[in-house]
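Novice: Which chain is which? The protein sequence lines are A and B, in order.
For the first sequence, this note's numbering begins at 1356 and goes up steadily by one.
For the second sequence, this note's numbering begins at 1356 and goes up steadily by one.
Hints may contain errors.
Copies of the same chain look alike in the list, so a pair counts if it fits in one copy or across any two.
Dumping the calculated EDC-like pairs for lysine to aspartate or glutamate here, alpha-carbon to alpha-carbon at most 20 Å [to be verified]: (1) 1357 / 1561; (2) 1383 / 1642; (3) 1535 / 1677; (4) 1535 / 1670; (5) 1357 / 1566; (6) 1535 / 1601; (7) 1383 / 1395; (8) 1557 / 1440; (9) 1357 / 1580.
By construction, these hints were calculated from the structure, which means they are not laboratory data.
Remember, predicted model here, so these are calculated numbers, not experimental data.
Protein chains: 2
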Amino acid sequence: MKKLINDPGDVVRESLAGFAAAHSDILKVCFDPVYVVRADAPVTGKVGIISGGGSGHEPLHGGFVGQGMLDAACPGQVFTSPSPDQMEAATSAVDGGAGVLHIVKNYTGDVMNFEMAAELCEASGTQVEAVIINDDVAVQDSLYTAGRRGTGTTVMAEKICGAAAARGYDLSRVAALGQKVNDKGRSMGMALSSCTVPAAGKPTFELGEGEIEMGVGIHGEPGRERMPLQPVRALAAYMAETILSDLPFRGGDRVIAMVSGLGGTPPLELYIVYGELELILRARQIEVSRRLVGNYITSLDMAGCSISLVQADDELLSLWDDPVHTPALRWGT
Amino acid sequence: MKKLINDPGDVVRESLAGFAAAHSDILKVCFDPVYVVRADAPVTGKVGIISGGGSGHEPLHGGFVGQGMLDAACPGQVFTSPSPDQMEAATSAVDGGAGVLHIVKNYTGDVMNFEMAAELCEASGTQVEAVIINDDVAVQDSLYTAGRRGTGTTVMAEKICGAAAARGYDLSRVAALGQKVNDKGRSMGMALSSCTVPAAGKPTFELGEGEIEMGVGIHGEPGRERMPLQPVRALAAYMAETILSDLPFRGGDRVIAMVSGLGGTPPLELYIVYGELELILRARQIEVSRRLVGNYITSLDMAGCSISLVQADDELLSLWDDPVHTPALRWGT
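In isolation and in its complexed conformation, chain A is listed as follows (with noise of 0.2 Å):
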């Protein structure tokens, strides 16, 4: 294992060090119990948004806290999930009055945590709702998932709630779009290669030389076939159709779309991605109105991509548009 780590114990520690020290002016990070949290936290009147997760899928979450976006981040151990005393600190830390909204990947760890920690948020007083994000259309059910598995349109609930909170609309109307952005999301990956987990010092997975795996998991879980190598072309094919027939998207649609890194992908193929998504979405008529091209939802050092559309209307491209300024995106501020 080829890593720029010191010890593999230390990695979400170490991470969060650097990370806390780069963006002083956005954020801080708690160490004990661990979570990432707006500076200028809790914002009264304002509703609190959370999200987190096991570590290793950066800027997923805490590049998204700041103002604009999330509140705070709860990052577990490497493709673990947070504690419930996590969530539970920082849903306290964020609570300006207006209550917290909980946006939740679909993995069973997480699930079942975040819903201990709003019951002890509620106990104390706390109003807590929970979104769930079950968007990867690559299969059902999953090695650490009952139902669909919660990956990249996570980013866009927590960009479009964030702005909805900013706007000062109240939990159960941030709630309400998050569910509709989640309604209205799907995604799909792929790996080229597998991730290595650093505490597990080899890869998670084999795959052949000219092997990929197709519905790859953000975790290195099992997709829904392993294929021979392609040209991207046919892997963009691939995807965009699996994801197009399942909500399903129409012509006339409008979309915000992501091509995401899985950690070990550079910029100049997932370019390459994103040209031929835009083929495909132009040909059958739907119009790709926002996009995010770069490592957003990443797998460790996973070489592969993602693909996540929402579906959008003037409402939720308004919100998108509203001013964000987090470590991993920025606009209007």
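Add chain B to chain A, keeping to what the hints say.
Specialist: Here is chain B on its own, set in the frame of chain A:
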């Protein structure tokens, strides 16, 4: 070779097509000859800022085209200098009557071609100045370079010259600022793995399982030494020491710092590197006033990172903070 591409010969053109589709609000890509240019070029009365070089280092340079940074970028084939006709066409396209600055990384082909283009442009009445970036402290002379190679400081030079031009500074003043950034900037990189050039189809160099290349060039050129993999604490200390003693940087200095991934290294690891770097600098009473952590100057899919430091003063920091709106760097807009 496993990459998200179609035909290896189409990589640059297809990536640029996707890039143009993704960022048509900011820029357009001309294909004959090839250059990326601000959508609103030329800006009358403003000094034009151009850079360019081989592809494979994205977001450098095209990702820095936009308001407050580059007016145009000339991408060559992967790791291959663009040609004088690209540079001449780009220079003409951004000539708003106040002259054009060429920001050139010190590689023999780039320098020669930008010189030829400058002569052609001056013959047709456009005033051109050039700044050569040669900030890489790893080696004196290299595979494609007489003198030091040009790497990460290019990003700072492009931002600061772009801001100066946007303020309306004249050509000689903008060029002097570019020279100042180069004079005060130093960089060094290291590789955990080789990159693979698509047309070659195999790794550019071989590294043993426990080996790294310290001081690697952004095209995979040999560095200072091949050494055993060590904790990132030791690797960061080696790079920082080499950089700091070269200028030299001194206690009380303020710096703009960049930790750039080389394409195959994820954010989780880059923030560990940044954390180590900031500890080293703090111990020497050097203050990081501004920083970038992410993929800014890559080497295709190489795993590893580079560190760049620019000794900053009020003038440089003020220009750094000016608004910028490009695909890869955005604030204040």
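Novice: Between the shortest in-copy and the shortest cross-copy C-alpha distance, which are at most 20 Å for residue 1357 and residue 1561: within, between, both, or neither?
Specialist: both (17 Å within a copy, 14 Å between copies)
Novice: Evaluate residue 1383 and residue 1395 at a C-alpha cut-off of 20 Å and name the case that applies: within, between, both or neither.
Specialist: within (9 Å within a copy, 39 Å between copies)
Novice: Checking an output row: residue 1383 and residue 1642, CA cutoff 20 Å. Within, between, both or neither?
Specialist: between (38 Å within a copy, 19 Å between copies)
Novice: Checking an output row: residue 1357 and residue 1566, CA cutoff 20 Å. Within, between, both or neither?
Specialist: between (22 Å within a copy, 9 Å between copies)
Novice: If the cut is 20 Å between Cα atoms, do residue 1535 and residue 1670 qualify within a copy, between copies, both or neither?
Specialist: within (11 Å within a copy, 47 Å between copies)
Novice: When Cα atoms must be at most 20 Å apart, do residue 1557 and residue 1440 count as within-copy, between-copy, both, or neither?
Specialist: Intra 31 Å, inter 48 Å, cutoff 20 Å: neither.
Novice: Which holds for residue 1535 with residue 1677 at a C-alpha limit of 20 Å: within a copy, between copies, both or neither?
Specialist: Result: close within a single copy only, 18 Å intra versus 37 Å inter.
Novice: One pair to classify: residue 1535 and residue 1601, alpha carbons no more than 20 Å apart. Within, between, both, or neither?
Specialist: This pair counts as within: shortest intra-copy Cα distance 16 Å, inter-copy 55 Å.
Novice: My question is about residue 1357 and residue 1580: at a cut-off of 20 Å on alpha-carbon distance, are they close within one copy, between copies, both, or neither?
Specialist: Between copies, since 17 Å is at most 20 Å while 28 Å is not.
Consistency note: the structure conflicts with earlier hint 8 alone.
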